Amino acid sequence: MDTINLTKSVDWDFIEQVKKESGQNPSLCYQCGNCTAGCPFTHFFDYPVSQVMRLLQAGQKDTILNSKAIWLCATCETCTTRCPCEIDVANIMDTLRIIARRENMVSEKDIKTFYDSFLNSMKQHGRIFEMGILLSYNLKSGHLFTDAGLGPKVMERGKIHFFPKNIKGRDRVTRIFKRFSEKAKRHG
Amino acid sequence: MAEREYAYYAGCSQEGTAKEYDTSLRLVLKTLGVSIKEPDDWSCCGSTPAHTVDHVFAAALAARNLAIVEKMDMPSLITPCPSCLAVLKKAHLGMVQDESFKNEVNDLLDEPYGGGVITKSVLQIIYEDVGLEALAEKVTHTLPDLRVAPYYGCILTRPPEIAQFDDPENPISMDRVISAVGVEVCDFAFKVECCGAAFGVPKREMVNKLTYKVLSMAQDCGANCVAVACPLCQQNLDLRQGQVNSTMGSSFNIPILYFSQIMGLAYGYSPKELAMDKLIVSADRLIRSRLPVEEFRKAQEAEVKKKKPKTEKAGTKEKTTTEETE
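Protein sequences, first through last, are from chains A and B. End of the first sequence sits at 187 in numbering that gives the first Met the number 0; the numbers just go up one at a time, nothing left out. End of the second sequence sits at 325 in numbering that gives the first Met the number 0; the numbers just go up one at a time, nothing left out.
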């Protein structure tokens with residue numbers, strides 16, 4: 000296990016930032032490990048969720064924001080449901096992802112690319128266009144043939160549309176995106 | 000006239016890869032006297048991707064829809080998709096519990112949301128508002144070959160403060176709904192295990208490993224099909240079942256039905272009407288034996304009659320053998 004020099008590396012501002020943005024108090028965690036025991040993704044994580052909580056208590060900003068764990072979390076809410084200290088752990092993971100995205104420290108590029116393709120589709124059409132999301136993901140991620148094998152199965156059953164359907168008020172949805180990015184710029 | 004009325008937010012999946020969920024639900028709700036009205040020009044809820052960007056932004060995308068529903072003056076909003084449900088409820092609860100959050104969200108919207116919409120899953124109103132007795136009354140057909148593993152997925156009942164429905168660890172609503180329409184339900188230990196959710200595209204192997212576990216457990220508990228209430232669970236288990244088999248070296252051939260399709264079959268709708276042909280793993284072999292309740296009863300009685308003389312004969316035979324040995 001890594002040794003951390005706490006005198007030098009604790010980022011107190013980061014702890015406060017996560018507290019404020021998530022509305023949760025990470026100091027309540029007493030490391031029982033219940034969250035990790037129930038986490039379906041723990042085998043894929045570089046740091047199990049209970050260790051992310053410990054790293055957070057120790058203000059280890061860079062380690063956390065560079066971790067794969069925060070992106071591989073699917074917000075299944077098992078940790079939140081089972082935490083004996085009633086910490087909304089999934090909300091903390093969510094907040095960490097948001098901060099990582101903001102600081103441009105995304106360790107799992109493909110996941111972010113997929114999410115961005117989804118949001119772009121929504122911004123353009125008001126509702127999501129499944130085929131468009133997959134094509135955009137495949138192009139942007141460079142994994143050109145992702146799920147190509149599933150194509151015939153969904154096509155012959157008419158489960159996927161070939162053209163997007165725009166809602167009437169799609170500019171209203173676009174405006175939510177615009178107002179948000181203007182606000183984000185104002186706040187740096 | 001319909002006994003109950005709700006606003007109905009279908010969600011994007013129900014217009015595409017999960018069309019059969021929407022189609023079957025509409026028929027079942029009609030049978031149950033529930034009328035639904037779609038909010039005009041609803042938009043995507045933002046789902047998982049939005050809440051990796053910002054909490055206020057994510058809530059705003061959901062709240063645009065809540066603001067539309069608020070104007071409809073309906074008692075509550077129902078949605079078939081657990082992801083839409085969680086997002087809509089989180090936005091609503093966040094806004095009514097925190098005035099400054101509410102203002103921040105409304106600042107992003109053309110029309111503000113006041114906080115007056117209660118959202119529930121369609122499963123919840125079927126279970127709580129319509130009720131099991133009424134569900135059973137409408138049954139016209141028996142499905143003797145179905146043995147169902149009820150799979151709720153992770154967020155339909157979790158976390159309890161948001162979901163406010165059923166039990167977060169051992170939910171029973173879907174079990175009871177399926178039992179109420181006369182179909183056998185298995186004791187399924189992985190009811191709330193996660194299927195891998197939205198990672199199907201960017202992290203396929205991870206999802207395949209997780210669904211492998213769910214499918215194995217379904218098989219081990221004696222089920223021959225899985226019932227779902229989530230378009231993403233259905234996609235990961237059904238559409239990706241072939242991938243699971245090739246990645247994990249398994250040979251699953253387990254149909255993944257929406258609970259509403261099972262209800263629809265028990266209510267006499269044809270497989271075509273319930274869009275069963277959209278399932279990737281066909282359920283035909285399990286539903287071929289479906290019979291009208293009356294015919295099934297007669298067939299059972301005939302079976303009993305056929306057995307009776309046999310048992311008598313067997314009894315006499317036994318007697319003779321005992322006599323012989325004596």
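Note that these hints are calculated values from the structure, not bench results. The structure presented is a predicted model; accordingly, all values stated were derived computationally and were not measured. Certain hints may be false.
Here chain A is said to cover these stretches of chain B; the calculated rule only asks that three of the stretch's residues, wherever they fall, bring their Cβ under 8 angstroms from a Cβ of chain A [unchecked claim]:
| hint | segment |
| --- | --- |
| 1 | 48-56 |
| 2 | 68-81 |
| 3 | 104-113 |
| 4 | 141-148 |
| 5 | 182-196 |
Beta carbons are placed, not taken as given, at the ideal position from N, Cα and C, and that holds for glycine.
* Asked: Okay, the segment 48-56 of chain B and chain A, do three or more residues pass the C-beta test at under 8 angstroms?
  -> Coverage by chain A holds here, the residue count being 9 at a Cβ distance below 8 angstroms.
* Quick one: see if chain A covers the segment 182-196 of chain B, three-plus residues with Cβ-Cβ under 8 angstroms. => holds (count 5)
* Counting residues of the segment 104-113 of chain B with a beta carbon closer than 8 angstroms to any beta carbon of chain A, are there 3 or more? -> holds (count 4)
* Asked: Within the assertion that chain A covers the segment 68-81 of chain B, do at least three residues meet a Cβ-to-Cβ distance smaller than 8 angstroms?
  -> Check failed, 0 qualifying residues.
* Are there at least three residues in the segment 141-148 of chain B whose beta carbon sits under 8 angstroms from a beta carbon of chain A? -> This one is violated; 0 residues, fewer than the three required, reach chain A with a Cβ under 8 angstroms.
Hint check: violations occur at hints 2, 4; the rest are consistent with the structure.
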